[in-house]
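Trainee: Next come the chains, spelled out residue by residue.
There are 4 protein chains.
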Amino acid sequence: MKKLWGGAFSESTADLVDRFGQTIHTDLNFWQEDIIGSVAHARMLGETGIITKEEAKIIYDGLEKIHDDGPEALRLDVEDIHTAIELRLYELVGDVAGKLHTARSRNDQVATAARLMLHNELLIVLDLIKSLQGELLVQGEKYKSAIMPGFTHQQHAQPITLGFHLMAHFWALQRHGHRAEQLFKLANYCPLGAAALAGTSFPIDRQMTSDELGFTAPIPNALDATSDRSFIMDALHVCALIMIDLSRISQELVLFSGREFGFIKLADSVTTGSSIMPQKRNPDMAELIRGRTGRVIANWVTLATVMKGLPLGYNRDTQEDKPPLFDSLGKVKDSLQLIQLQLESCEWQLDTMRDATKGDFSTATDLADYLASNGTPFREAHEMVGKVVIGCNERNITLEDLDEKSLNEICPEIPVEALSVLQPEDSVKRRESFGAPGPKAMDVQLAQAMKVFESRGFEEIV
Amino acid sequence: MKKLWGGAFSESTADLVDRFGQTIHTDLNFWQEDIIGSVAHARMLGETGIITKEEAKIIYDGLEKIHDDGPEALRLDVEDIHTAIELRLYELVGDVAGKLHTARSRNDQVATAARLMLHNELLIVLDLIKSLQGELLVQGEKYKSAIMPGFTHQQHAQPITLGFHLMAHFWALQRHGHRAEQLFKLANYCPLGAAALAGTSFPIDRQMTSDELGFTAPIPNALDATSDRSFIMDALHVCALIMIDLSRISQELVLFSGREFGFIKLADSVTTGSSIMPQKRNPDMAELIRGRTGRVIANWVTLATVMKGLPLGYNRDTQEDKPPLFDSLGKVKDSLQLIQLQLESCEWQLDTMRDATKGDFSTATDLADYLASNGTPFREAHEMVGKVVIGCNERNITLEDLDEKSLNEICPEIPVEALSVLQPEDSVKRRESFGAPGPKAMDVQLAQAMKVFESRGFEEIV
Amino acid sequence: MKKLWGGAFSESTADLVDRFGQTIHTDLNFWQEDIIGSVAHARMLGETGIITKEEAKIIYDGLEKIHDDGPEALRLDVEDIHTAIELRLYELVGDVAGKLHTARSRNDQVATAARLMLHNELLIVLDLIKSLQGELLVQGEKYKSAIMPGFTHQQHAQPITLGFHLMAHFWALQRHGHRAEQLFKLANYCPLGAAALAGTSFPIDRQMTSDELGFTAPIPNALDATSDRSFIMDALHVCALIMIDLSRISQELVLFSGREFGFIKLADSVTTGSSIMPQKRNPDMAELIRGRTGRVIANWVTLATVMKGLPLGYNRDTQEDKPPLFDSLGKVKDSLQLIQLQLESCEWQLDTMRDATKGDFSTATDLADYLASNGTPFREAHEMVGKVVIGCNERNITLEDLDEKSLNEICPEIPVEALSVLQPEDSVKRRESFGAPGPKAMDVQLAQAMKVFESRGFEEIV
Amino acid sequence: MKKLWGGAFSESTADLVDRFGQTIHTDLNFWQEDIIGSVAHARMLGETGIITKEEAKIIYDGLEKIHDDGPEALRLDVEDIHTAIELRLYELVGDVAGKLHTARSRNDQVATAARLMLHNELLIVLDLIKSLQGELLVQGEKYKSAIMPGFTHQQHAQPITLGFHLMAHFWALQRHGHRAEQLFKLANYCPLGAAALAGTSFPIDRQMTSDELGFTAPIPNALDATSDRSFIMDALHVCALIMIDLSRISQELVLFSGREFGFIKLADSVTTGSSIMPQKRNPDMAELIRGRTGRVIANWVTLATVMKGLPLGYNRDTQEDKPPLFDSLGKVKDSLQLIQLQLESCEWQLDTMRDATKGDFSTATDLADYLASNGTPFREAHEMVGKVVIGCNERNITLEDLDEKSLNEICPEIPVEALSVLQPEDSVKRRESFGAPGPKAMDVQLAQAMKVFESRGFEEIV
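Chains as they are written, first to last, in my numbering: chain A, 1 to 462; chain B, 463 to 924; chain C, 925 to 1386; chain D, 1387 to 1848.
Take the hints with a grain of salt, since some may be wrong.
What the hints assert, rightly or not - Under the rule of at most 16 angstroms between Cα atoms (straight-line distance), these lysine to aspartate or glutamate pairs were calculated in the EDC-like manner:
(1) C:Lys1311 / C:Asp1279
(2) C:Lys1189 / C:Glu1271
(3) A:Lys440 / B:Asp667
(4) C:Lys1109 / D:Glu1567
(5) B:Lys465 / C:Glu1271
(6) D:Lys1571 / C:Glu1384
(7) D:Lys1773 / B:Glu879
(8) D:Lys1389 / C:Glu1307
(9) A:Lys3 / D:Asp1654
(10) A:Lys440 / A:Glu141
(11) C:Lys1054 / C:Glu1268
(12) B:Lys465 / A:Glu380
(13) B:Lys913 / B:Glu603
(14) D:Lys1516 / D:Glu1766
(15) C:Lys1257 / B:Asp477
(16) A:Lys3 / B:Glu845
(17) A:Lys185 / B:Glu922
(18) C:Lys1311 / A:Asp268
(19) A:Lys3 / B:Glu842
(20) C:Lys1364 / C:Asp1350
(21) A:Lys142 / A:Asp351
(22) D:Lys1389 / C:Glu1304
(23) A:Lys185 / B:Asp667
(24) A:Lys142 / A:Glu344
(25) C:Lys1364 / D:Asp1591
(26) A:Lys387 / C:Asp1192
(27) A:Lys333 / A:Asp127
(28) C:Lys927 / D:Asp1591
(29) C:Lys1066 / C:Glu1271
(30) B:Lys465 / A:Glu383
(31) A:Lys65 / A:Glu91
(32) A:Lys185 / B:Glu643
(33) B:Lys820 / B:Glu921
Note that these hints are calculated values from the structure, not bench results.
Input sequences plus hints: build the corresponding full structure.
Mentor: What follows is the structure, encoded as structure tokens:
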């Protein structure tokens, strides 16, 4: 296997050593960014006179041709993408290719390519977030009056609406978009020119390459530039948070599509069957997203464990930074699309959801609130309603069934007017505090969401 | 054990159940924030007429007294801090205490207290970061010319300076400060008034409580407000990143204080001895920080694993959010101080560090750069210097020992002028690219660092 | 703070340093084992003549008194439990106490105490596993004919019985018991006498202390004896596996106790209410077990991360081995009991479970099997039954509703005799393969389970 | 994409859905085991008369041909390996292929193949462990007298020998071999015939397939058989423990090969160079093993997180069990070989190691032991030697330099005979306690190690 560093070595490396150290297949994920970084470096070498402008032009013309030819033209039996591209450059332009690596090292080169790649990937993730938010917003509006049980402890708590429920996911995604943007800002500093760890004696112009590559500024300490992987940790963190929220949606899809809930019918196009049970319609995509969240969480663990206790300066351990990153980004991109696909194509079973709120005592809080708003301390009201619940259970009736007579028997202190607050629709309608599912509050929320949705990027959190 | 929710229950809970669910001891970490949140809520209830202003005043006067009395006056045999405070309030003001819980639930109450607590803790962390950065800046300036070996792969790579090395840690901390500030901005939205999951029918004013408590705005979806724990994940992430960098410093302290390196002498006040070996002087603090980084990484894992696949709405699982948070914050605060303490009190062994660069071939790159700057393509220069290294090894001499005669024998293509670049001091002096350890570049870096250090907060990253 | 190692130190340690390094509070978990280890060591020192028998007797009499007095008599303002006990010994017996630490170090002392403690804790865990298995066995027998839906992908798959379902958990616990026993065997080797890392020049008898303390044999390499923490990793792994299975039971309890399923009614004594919603009956214990599984998983991560990359020889990092161990063991012990408590006191809603299998098409496989048993290749039979399912859905009928006429219309290739296999009870009854829920197969399984249950320990896996 | 379950579906799945659910590429890791499982199943179907013997023969002849043709003949554009093989079987033998899936499901099929595959992989791992142990044993013997510093807290503690140090790793590997064997025993139970979750109404003979495939017994509960993944967790745990110990060796190789230590020279064949620094010789393999330990730890986390909270019955989430398993096994196999390769080809720098013990005060314990063996309580002896260390430091001499005069000045209580114990070689020679590095103790240890090494398997731990 051809390497860039064989000068002082008398023996060649063992085959297993070569294979264990080889990264070319992972590196293909950023072959373009590696070339782009080299073009900027070559141009700067020419501009500063470190090499001649003619040499620089030959080099970056060669690089452009490599870019146009695509990765298919590269040798894959080499150590890494940097080697593959440089060897190809030699083939195309001859010995002047050897001048490209002046005043840089693979340490700053790979850090540069990784940051450029991360930028490109984050843009895609941000688009997919916006897209999924758009779907949630449409359905949030469409189902803003569709009654469903609201859960705490996975038990019926209070009636809410489907639109209100879906909008909770909208805001979570808004925060993730914001995080991804912030991450990008923090990562967008240029390591190129840091060389191995300590810069170079060549009169390079790091501002020039930083500007050309779209970075905010060059990183002010060369050792830091080559040792830092915290921007990848940030990316792995944001990926994990996105996946965790998608796993929560997935868990809801799995439960809601089950026979017991029956709240949603997933489309054939996103469900799968069983090789043995002909009737099965399995929410595999939701299950896989939920399951793969485990991997994306573990990807963060991988790099955290790798970095812990590493002294400064490039250590080869950090080669393990990119497999988890590519894996997490890939899973996040797929999963965002798959959640959207499932939501777009599903049929919410609105009647079933509405019916599920019947007889579930989920307006008990309304009764307590009614009493409290008439002067009973809430704690006492809570205890009184507790008695009502017991009384209903003993009579085998629900809160909605409660009539004047039963109420008087169970808890005569409660005025009969209270009976008016016990229907789920009424309960929702009265919940008009900011952020609640009541109709006016919900319109306010939807308008606020539309505003952040329509603004470019994710600067606003609410 | 006294609970807030016993109304509809006919049997009491088992002892083990009580103990397993009890959180009062952890909760003591935010007893103040819980009271502060209640004060704001009570005042709002009074202002909006949900309770009378007199009732509100009685309640918040009571709360203030509880605050003044401190946690010692609270019962610790209850379920949680909310219960302890409310019971005490009953003792102080009687049945009107029962009105405090109007239009809220423990779900929004605890989320509010957690965010307030996080804010307070982050301020301390930010101060400690600044403080450690100050020490690094002082030593960065002081040791900007102190030669030491720079490492990659934990092998000597190129000569650098101690000041340059220390400043790499400065910039890492700057990013952590920035992250912590961003995290605070993202977390600083108010869940109070979200109630159990779906707001309330009382005419509460969430803007008022949000403003009074110093939040940016109320959270626009009540279900999101009570289900979201991603702000704690962010905090655990930033804590993990800080600890990882402190573990890297620690690893350096452990290695550098060992006999083989001998670069640093740690003070007696931060080292410990052995119960069996009288001569031992162990860098225990560095080891403990390195080890406890494992726990802080695992704290992130804890909550990630807890949240994965949880449907929306409060689930009791999320009670596991606070133990890792308090633990991580505590370890970060201690560790920042302990790193500073070790650096403040250490004695760098400057001569040893300088001598370590002798005979280590770490100016080989300078030789290659010299050749490259005279027109040899870098790749060829790299191979030629490789031969020089082999030749020196065969002759059992170092690069600094190389004279005209040996050079001619080994590699006659290299001009003798090249011999002038082989001393470590010269090597460092010539590395004047931006971010490199050369004297001018280093002054630029120190000035830039001073500028971000002196600005309030951590808005600037470089 | 008093330490055992101050001889060569001229300055005292800083307060924060003391606090950060202090472990006395965690150590209280094995104060007894520390004393027991010391008694054996002292006795051996006397037997071998390293100290006189009289000195040895004075020392272990003193240690026994410390043991009898309990931890209340120990000072807690010291570094660790070893220091506390030794200081107390000095108070009781004077300067001869200083001879106890002959030929040992805290490194082998703490490793010995940790292994003894683990042994004691594992015995408790094993008992709790047996106990929970006993409950599962009782209910497995009691409900062996109680029909319920069996799930895959959390969708109805085929009818099973509650007894069959519960027995699946029985076997998982059997494996955990087996693992814990194996772990104990692997851990049960004695590090005492390994001293700091390299044994001692005193003529100690490690076989004697190993035997007296009940270990299988002394560890044959002193460096290994003080560096190894893999036995704690094993314990953390087994704890995590137990918790994962308990989290799976918990998830079932949460779902089954919800209104949608309604399969189980949890007792008041293991459920909790809401501070705002008077009707709530929350499965908090199940939720907490599920949530705390996150912590127990993370405890494994903690130590894995601590140990990674540590050179041999005691490193202070490993002090982080005990907090996760105590935490995991504690949570496992509580959770095993709480699952048992929930199962003992619950009321299974057998009619609801039986009714849930109506109309769920879960006997479709039976139909396919019927066809296959009559010569149709299973793949074709699977496709034919797929058509039947579609046909039923179009007619809005269930499989049980299918009559001769409809069957002929939908899929005339299927003989009418096939209609006899479509009732859930029949479906279960016909599943008599080994390990299936059919009545005879189930009796075989219960007998097999009873056999392993009644044997001492967990040697048998099935 | 062709699927096995399309019967009741009217729409085809989306492309992204297909890709997200596709596992064929991972599955290629156990294509053989899948065929072997099917052969046994087909044979049993024939023997029991569920299909005719002729049909069975056609099927398993077809399967054998598929096996002989190898994976190249399979279609890779299908969902999974099961589908690929079944489709190929149809091509080869026609419609009778459809009878193979009688009385089984992919749920039991994949669990069977996974257990068979794990068995085969573990055998390789066990061989590689033995092989590395062999190398350690050879070097343990060869270097049993080669003095080197022993470390605690990464500081010089007491002199030991290289052979003693290497043997510590031998015993760790012995435990891992034992664990892997135990894991195999626990995993070696047969799920085949469990079908989807609840067995089958066909009169299958699970004992027959279990025996033919070499399992200990069929798993006695079909739901457990298809839901359990704890055997994979065990495998991931053992892989993590092996990697953690290899990472510890790696850390030693990295440190010891560095200029400061200079204890070892790694061969060219296992080191790599730098693209910029011609003199570099980097211990990349050791760094990569150390780094990839992070991934192997995270692989355990992946599956732990996936399994937490999953109800029983196959859930698609568990598809995430195999990528971490294959990844961990692959890394363990490579890393075991690479550690061996590095040790086989390295040159220990015995003089450097011996010289490193000069002047490091590491015989201070010997002095304390000498005093203690003459009746001074060890604690007092420890304090006296502490004074000696200070005294030497003040005089700028080492312990070995200490003469009668200096000793008298520093600590007149110490008799001059004590001076005889201060040379490193003498210190090692006197450490003859069981498990210590003294010559006789070391011979005992080597003999004990040889005995467990030569026994088949890893039944013995010491």
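Trainee: Take the hints in turn and mark each one as holding or not.
Mentor: Hint check results:
1. C:Lys1311 / C:Asp1279: violated (25 angstroms)
2. C:Lys1189 / C:Glu1271: Satisfied, since the Cα-Cα distance of roughly 5 angstroms is no more than 16 angstroms.
3. A:Lys440 / B:Asp667: holds (15 angstroms)
4. C:Lys1109 / D:Glu1567: holds (14 angstroms)
5. B:Lys465 / C:Glu1271: Not OK: Lys465 of chain B and Glu1271 of chain C at ~24 angstroms, beyond 16 angstroms, violated.
6. D:Lys1571 / C:Glu1384: Holds, because 11 angstroms separates the two Cα atoms, which is no more than 16 angstroms.
7. D:Lys1773 / B:Glu879: violated (55 angstroms)
8. D:Lys1389 / C:Glu1307: holds (12 angstroms)
9. A:Lys3 / D:Asp1654: holds (14 angstroms)
10. A:Lys440 / A:Glu141: holds (12 angstroms)
11. C:Lys1054 / C:Glu1268: holds (14 angstroms)
12. B:Lys465 / A:Glu380: Distance of about 13 angstroms is within 16 angstroms: holds.
13. B:Lys913 / B:Glu603: Holds: Lys913 of chain B and Glu603 of chain B sit about 14 angstroms apart, inside 16 angstroms.
14. D:Lys1516 / D:Glu1766: violated (46 angstroms)
15. C:Lys1257 / B:Asp477: Since the Cα atoms of Lys1257 of chain C and Asp477 of chain B sit roughly 14 angstroms apart, the hinted pair holds (cutoff 16 angstroms).
16. A:Lys3 / B:Glu845: holds (12 angstroms)
17. A:Lys185 / B:Glu922: Between Lys185 of chain A and Glu922 of chain B the Cα gap is close to 11 angstroms, so the pair holds against 16 angstroms.
18. C:Lys1311 / A:Asp268: Given pair Lys1311 of chain C, Asp268 of chain A holds - Cα atoms ~15 angstroms apart, limit 16 angstroms.
19. A:Lys3 / B:Glu842: Distance ~13 angstroms between Lys3 of chain A and Glu842 of chain B Cα, so the pair holds.
20. C:Lys1364 / C:Asp1350: holds (14 angstroms)
21. A:Lys142 / A:Asp351: Measuring from Cα to Cα gives roughly 15 angstroms; hence the hint holds.
22. D:Lys1389 / C:Glu1304: holds (13 angstroms)
23. A:Lys185 / B:Asp667: violated (36 angstroms)
24. A:Lys142 / A:Glu344: Holds. Lys142 of chain A to Glu344 of chain A sits at ~13 angstroms (cutoff 16 angstroms).
25. C:Lys1364 / D:Asp1591: Holds, because 15 angstroms separates the two Cα atoms, which is no more than 16 angstroms.
26. A:Lys387 / C:Asp1192: Status holds; Cα separation ~15 angstroms.
27. A:Lys333 / A:Asp127: The given pair, whose Cα atoms are some 10 angstroms apart, holds under the 16 angstroms limit.
28. C:Lys927 / D:Asp1591: violated (68 angstroms)
29. C:Lys1066 / C:Glu1271: OK: Lys1066 of chain C and Glu1271 of chain C at ~13 angstroms, within 16 angstroms.
30. B:Lys465 / A:Glu383: holds (12 angstroms)
31. A:Lys65 / A:Glu91: holds (12 angstroms)
32. A:Lys185 / B:Glu643: holds (14 angstroms)
33. B:Lys820 / B:Glu921: With Cα atoms ~42 angstroms apart, Lys820 of chain B and Glu921 of chain B exceed 16 angstroms; violated.
Checked against the numbered hints listed earlier, the structure breaks hints 1, 5, 7, 14, 23, 28 and 33; every other hint is satisfied.
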